[in-house]
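All chains should be built: construct the whole structure from the sequences, respecting the hints.
In this text, residue positions in the sequence shown follow my numbering: the first is 23, and each later residue adds one.
Just so you know, these hints were derived from the structure itself, not from any lab.
Quick reminder that beta carbons are idealized off the backbone N, C-alpha and C, glycines included.
Any given hint might turn out to be false.
Computed beta-carbon distance windows for the label pairs [said to hold, decoys possible]:
(1) V206 / A227: 25 to 33 angstroms
(2) E468 / Q290: 30 to 38 angstroms
(3) G132 / A397: 39 to 47 angstroms
(4) R374 / T260: 53 to 61 angstroms
(5) T163 / G279: 39 to 47 angstroms
(6) T333 / Q228: 41 to 49 angstroms
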Amino acid sequence: RALVVDPTRDIDHSIELAAREGLHITAVTETHIHADFVSGTRELAARTGAQVFLSDAGPRDWKYAYAAAVSATLLRDGDAFSIGNIRIDVLHTPGHTPEHLAFLVTDTAGATDPMGMITGDFVFVGDVGRPDLLEKAAGITGSTDGAARDLFWSLQRFRALPEYLQVWPGHGAGSACGRALGAVPQSTVGYERRFNWALGLNDEAQFVTAILDGQPAPPPYFAAMKRINQQGATLLATLPALTLLTFDQLDATMQDGTLVVDTRAAVQYAQGHIPGTINLPFNDAFLSWAGWLLSYERPIALIADDDTARTVLRQLQLIGLDQVRSFWSCAVLDEWIRQGRRLATVERRDPRSMREAVARGDVVVLDVRTPHEYAAGHLVGSHNIPLGTFTQRVNDLPTGRAVLVHCQSGERSAIAASLLQAQGVAHVFELEGGFARWQAAGNPVERAPELETAAVAA
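Take a look at the structure:
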């Protein structure tokens, strides 16, 4: 028998792994209501018949709304349940979220004490879960300070655990659920007590200040994840199948408000694309930018070959973008040309050709890097709108001039250029090679005043 903890919505890998190991999935649980992916708990229970265990430790207005529908066993601090000889002891560890649980794992066939702790988003390797997401993502105003204090006291409980206890966290480096996560997949209580910065702070006020300082803005899709995971995700089998559309359906589909996402590589898109589409290249960064930039309220169609379209669909479903209903194969571009219609292009300009235009102010320079990157060095007079916030802030740009868009090396600016064109900006250029190439060519660069002062002092 097997227990699955914190499954994603793509449950096939869990089922396949269990089959390879000769296991039957009989139980599924999660540490908290997630903000960064759609939980697969309901999906896995429907597919396997597994018993569902969910937290009942949060406040009244922050409970699992679908618990009764799946006949869930509700858990509070001090509860325990067993999977065969394995005992799972429940600890309420609020802070990252108010209902957060951690699980102590004991193999009762050979021991009376736990061997490890499933910490979810409570304790990571080298970091702890951020306590501001409930306010920033779920919109629960005024919850951050109290959550930070709850996290401090949860950590005191963690300190008291045996040093040998293994720590199995829910995320590693790169997650937006913490600030400085380590890359190794597991740790021990003793190691974290020695080297985790959060466990080195013994003063509550000092801890609250430190944990809240410098937390990056969460992606907009986190708010949707919280809502979906509290209410219970729609079962995938009930969603409409992905359908292949014909060229004749293109104009009507785009005119009804559907957002058409061209998933080809940025270079291919720049060389020719259907006007009004946006470019999200299907690569390792695809899902992250989809979460930042795509709306949950707008239908989505794809331009992608068959296998890619179905893979993209599964990826988008991981973050609850379920309104993808259709796609065109890439051959739709050939048909567009055969019909005598012109493809749009994104012109790339090298730094040398743009130096004088930038100096004279003939173009609006849009820098889509992060504020930290921008402060460290940027084109004189440029406007900083990070790509993740682009759809909310595009109207901040001056109008009436061509736009020269860039990032550090080119990946983000290609997406931004497509968004600008889809917004109706007629003249968009992309800075070839981005800021890195501009700076390497010896062109003028300015930095944030505090960094300039530090450089002079050095």
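Checked hints:
no., hint, verdict
1, V206 / A227: 25 to 33 angstroms, "holds (31 angstroms)"
2, E468 / Q290: 30 to 38 angstroms, "holds (34 angstroms)"
3, G132 / A397: 39 to 47 angstroms, "violated (55 angstroms)"
4, R374 / T260: 53 to 61 angstroms, "holds (56 angstroms)"
5, T163 / G279: 39 to 47 angstroms, "violated (32 angstroms)"
6, T333 / Q228: 41 to 49 angstroms, "holds (47 angstroms)"
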